[in-house]
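Chains A and B supply the protein sequences, listed in that same order. According to the working numbering, the stretch in the first sequence is residues 7 to 219, in order. According to the working numbering, the stretch in the second sequence is residues 7 to 219, in order.
Each hint should be verified, as a subset may be incorrect.
Copies of the same chain are indistinguishable here, so a pair counts whether it falls within one copy or spans any two.
Below are the DSS-like pairs computed for lysine-lysine, each with C-alpha atoms no more than 25 Å apart in a straight line [what the hints assert, rightly or not]:
(1) Lys219 / Lys41
(2) Lys159 / Lys146
(3) Lys66 / Lys146
(4) Lys146 / Lys122
The set of hints was computed from the structure by calculation and includes no laboratory data. Note that the coordinates shown come from a computational prediction; the quantities given were computed from them, not determined experimentally.
What follows is the residue order along each chain.
There are 2 protein chains.
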Amino acid sequence: MKLYSYFRSSAAFRVRIALNLKGLPYEAAFVHLAKGEHRAAGYGAINAQALLPTLDDDGKLLTQSLAIIEYLDETRPEAPLLPRDAPGRARVRSLSMFVACEIHPLNNLRVLQHLKRALAQNDEQINAWYRHWIADGLAKFEADLAQGPGTGKFCHGDAPTMADCCLVPQIFNAQRYQCDTASYPVTMRVFAHCMQLDAFDRAQPSKQPDAEK
Amino acid sequence: MKLYSYFRSSAAFRVRIALNLKGLPYEAAFVHLAKGEHRAAGYGAINAQALLPTLDDDGKLLTQSLAIIEYLDETRPEAPLLPRDAPGRARVRSLSMFVACEIHPLNNLRVLQHLKRALAQNDEQINAWYRHWIADGLAKFEADLAQGPGTGKFCHGDAPTMADCCLVPQIFNAQRYQCDTASYPVTMRVFAHCMQLDAFDRAQPSKQPDAEK
Numbered sequence: 007m008k009l010y011s012y013f014r015s016s017a018a019f020r021v022r023i024a025l026n027l028k029g030l031p032y033e034a035a036f037v038h039l040a041k042g043e044h045r046a047a048g049y050g051a052i053n054a055q056a057l058l059p060t061l062d063d064d065g066k067l068l069t070q071s072l073a074i075i076e077y078l079d080e081t082r083p084e085a086p087l088l089p090r091d092a093p094g095r096a097r098v099r100s101l102s103m104f105v106a107c108e109i110h111p112l113n114n115l116r117v118l119q120h121l122k123r124a125l126a127q128n129d130e131q132i133n134a135w136y137r138h139w140i141a142d143g144l145a146k147f148e149a150d151l152a153q154g155p156g157t158g159k160f161c162h163g164d165a166p167t168m169a170d171c172c173l174v175p176q177i178f179n180a181q182r183y184q185c186d187t188a189s190y191p192v193t194m195r196v197f198a199h200c201m202q203l204d205a206f207d208r209a210q211p212s213k214q215p216d217a218e219k
Numbered sequence: 007m008k009l010y011s012y013f014r015s016s017a018a019f020r021v022r023i024a025l026n027l028k029g030l031p032y033e034a035a036f037v038h039l040a041k042g043e044h045r046a047a048g049y050g051a052i053n054a055q056a057l058l059p060t061l062d063d064d065g066k067l068l069t070q071s072l073a074i075i076e077y078l079d080e081t082r083p084e085a086p087l088l089p090r091d092a093p094g095r096a097r098v099r100s101l102s103m104f105v106a107c108e109i110h111p112l113n114n115l116r117v118l119q120h121l122k123r124a125l126a127q128n129d130e131q132i133n134a135w136y137r138h139w140i141a142d143g144l145a146k147f148e149a150d151l152a153q154g155p156g157t158g159k160f161c162h163g164d165a166p167t168m169a170d171c172c173l174v175p176q177i178f179n180a181q182r183y184q185c186d187t188a189s190y191p192v193t194m195r196v197f198a199h200c201m202q203l204d205a206f207d208r209a210q211p212s213k214q215p216d217a218e219k
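Build out the structure end to end from the sequences listed, making use of the hints.
Listed below in structure tokens is the structure:
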């Protein structure tokens with residue numbers, strides 16, 4: 007398997023964690039998001055959405071991080087990343103999608119660039135935007151974890167799931183932008199628990215071969 | 007089953023289509039998004055994420071539209087909304103998530119309100135923002151449909167899937183904001199095909215009991 011990745015892509019980070027949790031070796035191909043390499047014609051032939059990550063599984067090209075993780079779970083069922091029961095699966099998907107649909111899309115690179123170029127926002131204003139959506143999102147995520155009877159050592163139960171694959175990159179982003187995370191004790195306890203696992207630790211941006219200072 | 011819905015919520019619209027396609031009757035409970043009823047404490051006990059929709063399936067509370075559709079497909083497998091093969095399932099999920107993670111989050115109500123209140127954008131500027139992300143997103147969606155060998159009468163094959171449940175509400179939004187859709191012929195052909203089906207037609211905002219002019 008080959009993963010098209012960029013060290014700072016949160017979506018690629020999710021899939022790196024999933025591959026590590028499942029013990030699946032992969033080759034990495036690096037696409038430099040900040041240099042716009044994802045918009046090059048060559049990459050467009052691989053991923054029409056012009057986004058990271060793409061997983062090439064023996065010629066099958068898979069896109070969108072959560073779709074890739076579901077595919078991995080269906081085709082390599084060992085170390086499952088979704089529970090067996092339908093309500094549990096729904097909860098893990100909901101937590102995952104909360105991060106992927108409600109927090110992350112507002113803060114990704116192309117949105118920040120658009121705020122700068124089209125809305126003439128300065129760095130301070132862009133940081134305020136970033137922190138606003140992190141705070142709004144993590145408060146709701148925390149409420150969901152605190153309220154949900156399924157929350158365990160991880161987001162759902164005592165084994166890592168797709169929801170943890172989504173949460174951890176989001177917390178890395180929050181920390182990178184110096185967001186206050188003290189108000190989210192359940193979330194941060196789960197995050198700390200995840201980071202004790204090698205699968206999460208090895209997937210982090212600074213440990214990727216294409217990492218920059 | 008009870009669906010917490012709002013006529014203009016795209017995410018609720020997705021689930022209304024899915025319930026109709028599966029022929030599942032449901033009771034609707036209306037939560038007025040524009041009046042902020044989703045942020046009331048009572049609804050917070052039902053949906054900690056303070057978002058629509060929520061599906062109450064005999065006391066099991068399910069959140070996030072795509073997680074709900076997956077749950078319905080797992081618990082009511084007739085009229086499947088995902089293909090049987092793993093790569094096909096991955097493609098349908100990827101197209102669904104492209105809408106749910108890349109287009110819709112940038113244009114939902116709370117983002118438009120934030121642009122107005124915190125960034126002092128006027129109506130014209132907000133419309134420009136809206137159309138920018140619709141155009142950016144639909145161009146990539148079109149490329150994906152045009153490039154994907156799985157595209158049929160619907161987004162994937164000749165039967166409706168979760169991807170169509172996501173696409174149709176997004177096109178309704180595009181039309182509501184007078185976005186030009188002529189550049190997306192494959193997408194619009196699929197949309198037209200969907201709208202010939204009663205399941206899609208009955209789910210549209212203007213046909214809901216809580217619809218406003």
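Inset, instruction - Taking the numbered hints from earlier one at a time, note which ones the structure violates and give those numbers from smallest to largest. - result: Structure breaks no hint.
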